[in-house]
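Line order of the protein sequences matches chains A and B. Be aware that the first sequence starts at 0, since it is given in numbering that gives the first Met the number 0, and climbs by one per residue. Be aware that the second sequence starts at 0, since it is given in numbering that gives the first Met the number 0, and climbs by one per residue.
Hints listed in this document are in silico derivations from the structure and should not be mistaken for laboratory results. Computed from a prediction, not measured in an experiment: that's the story for all the values here. Be aware that a few hints might be false.
Keeping only pairs whose Cα atoms sit at most 20 Å apart, straight-line, the calculated DMTMM-like set for lysine to aspartate or glutamate is [to be verified]:
#1 B:Lys96 to B:Asp187
#2 A:Lys58 to B:Asp187
#3 A:Lys182 to A:Glu171
#4 A:Lys58 to B:Asp177
#5 A:Lys165 to A:Glu150
#6 A:Lys182 to A:Asp225
Quick look at which bits of chain A chain B covers, simulated, 3 or more residues with Cβ under 8 Å [to be verified]:
#7 69-76
#8 109-119
According to the in silico footprint, chain A covers these stretches of chain B (three or more CB under 8 Å from chain A) [claimed, not checked]:
#9 163-172
#10 184-191
Cβ coordinates follow ideal geometry from the N, Cα and C atoms, glycine included.
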Amino acid sequence: MKTVVPPVLNVENLEVRYGAVVAATGISLTVHRGEVVALLGPNGAGKTSVLHAIMGFVKPAAGSVSFFDGRYVHDIAGLEAHRMAHLGIAIVPSAQVVLPRMVVEENLEVGGLFLLHDRTEVHRRMTALFERFPVLAQRRKQYAATLSGGEQRQLAIARGLMAKPKLMLLDEPSLGLAPMILKEIFALLRRINREDGVDILIVEQNVNKALEIADRAYVMRIGGIDFSGTSAEVAEGERLKDAYLGT
Amino acid sequence: MYLPHLVEQLFIGISTGAIYAIVAIGFNLVFGTMNVLNLAHGATMMLGSYGLLLAYYLGLDNFWLAAVAGIGLAIITGLTIERVAVRPLRGHWWNTKVATLGVGLFLENLVALITAGFPKNVPRPFNPTYHELFAGIEISDVQVMLILISISVMLGMVAFLRRTPAGKAIRVLAQSPDLARSVGINVDRVTLIGFGVSGMLAGVAGILNAMTYGSTYPFVGVTLGLKGIVVLIVAGIGNMRGCLYVGLALGIAETMAIGLGGSHYRDLIAYLSMVLILLVRPHGLFGEEGRVEREV
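Using the sequences plus the hints, can you model the full thing?
Set out below in structure tokens:
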């Protein structure tokens with residue numbers, strides 16, 4: 000008999016409301032072990048609302064969200080964000096990605112300080128990540144506000160890796176980045192997925208870049224999921240254009 | 000007016016200014032980090048000094064232990080304010096201001112009612128003796144102690160914020176509440192800790208102030224709290240070091256004004272300089288926006 004491995008993230012019929020306004024409804028999506036999944040859609044489709052509800056920044060109005068940490072399935076719908084972090088879900092936000100008034104080193108330390116509960120482990124992880132991100136190592140004593148956009152994004156991703164998460168949620172990692180830098184960041188995400196075994200859900204407006212690294216994608220349109228499929232299916236289908244052009 | 004007298008005023012100014020700085024840092028801790036202007040901070044200072052008196056009244060005949068009791072009362076007050084007047088109104092900027100103002104007024108009038116509103120003498124750890132430094136300049140040992148305590152409190156705060164996980168959590172929260180959550184910080188708990196530490200600073204400031212004047216009264220926190228807000232605004236919200244510099248500067252300016260002109264100029268200096276500085280630098284001397292403006 001074949002044992003069925005539960006998906007790492009399973010969202011069913013999620014609804015997000017801000018007062019009377021429904022930002023997203025009937026959202027179902029899954030992230031399986033080893034996958035990079037993209038949630039795509041034009042501005043205002045409700046992607047970020049869905050992500051915020053999964054992250055615990057907004058309480059979902061309806062639906063279920065579960066997370067499988069490799070041993071247990073946790074019901075995380077409406078769970079406070081800091082508890083999710085303790086379960087092994089890392090969040091890389093889009094707007095303020097780093098702590099501007101702390102130096103690079105502290106920014107990294109903060110990623111593990113409240114999750115690992117062991118100073119030596121925190122420092123071991125920091126050393127390992129500085130080896131992996133030489134740019135950050137060079138700037139370890141600099142205030143994070145002085146880093147370039149790409150470096151800040153790297154720092155945010157490195158911070159997310161500090162506590163060895165199972166799942167990483169990224170909100171618009173391409174935001175404000177130059178194409179060259181973008182390429183690096185997305186390659187980095189792919190490597191993290193392959194080498195560190197971190198499953199990734201990424202919300203993106205930059206469809207082409209996201210589809211290059213994603214295994215599967217969901218495309219949203221005005222508050223609901225319009226269609227989904229493997230990245231190749233989504234990229235070739237006519238419906239993607241429809242979703243973006245609103246036809 | 001002669002030089003030794005001015006130097007003596009300078010020492011008084013430093014010790015007064017250090018108290019202002021501690022008051023402002025207490026405000027800053029909850030304002031700069033949790034965006035709550037705790038208008039019961041002055042009342043918390045007052046309770047610190049009355050906690051000390053209460054400990055004496057209950058038979059504790061040791062200044063330092065009584066001071067610890069007073070600070071303890073102030074910490075409890077800070078924690079209670081968070082639970083009663085802040086947490087239920089989370090995120091409501093005006094509501095928390097009104098609620099904490101209400102708590103402050105209630106506490107001040109409660110103490111006034113119990114003590115019939117008269118100023119009370121506060122015992123000192125020892126009677127001040129004056130020592131001549133040089134050229135006729137005298138300084139009292141109480142003043143030296145006030146300055147030393149203030150310096151250690153501020154160094155302690157810096158160490159707390161820079162070195163301890165709780166301090167770091169407070170600094171992360173100040174920069175981004177969402178980011179704080181995403182790295183596993185329990186924002187509710189850290190907010191409570193922030194109010195506790197702020198209450199402790201209020202208690203220390205209240206007791207140092209009572210030691211300076213040798214007495215306290217139920218509304219002592221009103222003026223002192225207002226001075227703290229002046230320092231906070233002039234320094235720029237969110238900046239601890241700025242509070243220290245501006246607090247000291249205000250204390251020195253005030254005592255110099257007293258030395259040169261008379262005590263009625265004291266408050267004029269504080270509020271006039273606030274208005275003038277804000278006209279030139281609306282975000283304060285060390286404020287965040289100001290920092291950005293300088294760099295651009």
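Evaluation of the provided hints:
1. B:Lys96 to B:Asp187: 18 Å, holds
2. A:Lys58 to B:Asp187: Roughly 17 Å between the alpha carbons, so the hint for A:Lys58 and B:Asp187 holds.
3. A:Lys182 to A:Glu171: 14 Å, holds
4. A:Lys58 to B:Asp177: 14 Å, holds
5. A:Lys165 to A:Glu150: 23 Å, violated
6. A:Lys182 to A:Asp225: 27 Å, violated
7. 69-76: It is violated, with 0 qualifying residues against the three required.
8. 109-119: holds (count 5)
9. 163-172: Coverage by chain A holds for the stretch 163-172 of chain B (5 residues, Cβ < 8 Å).
10. 184-191: Answer holds; 3 residues pass the 8 Å Cβ test.
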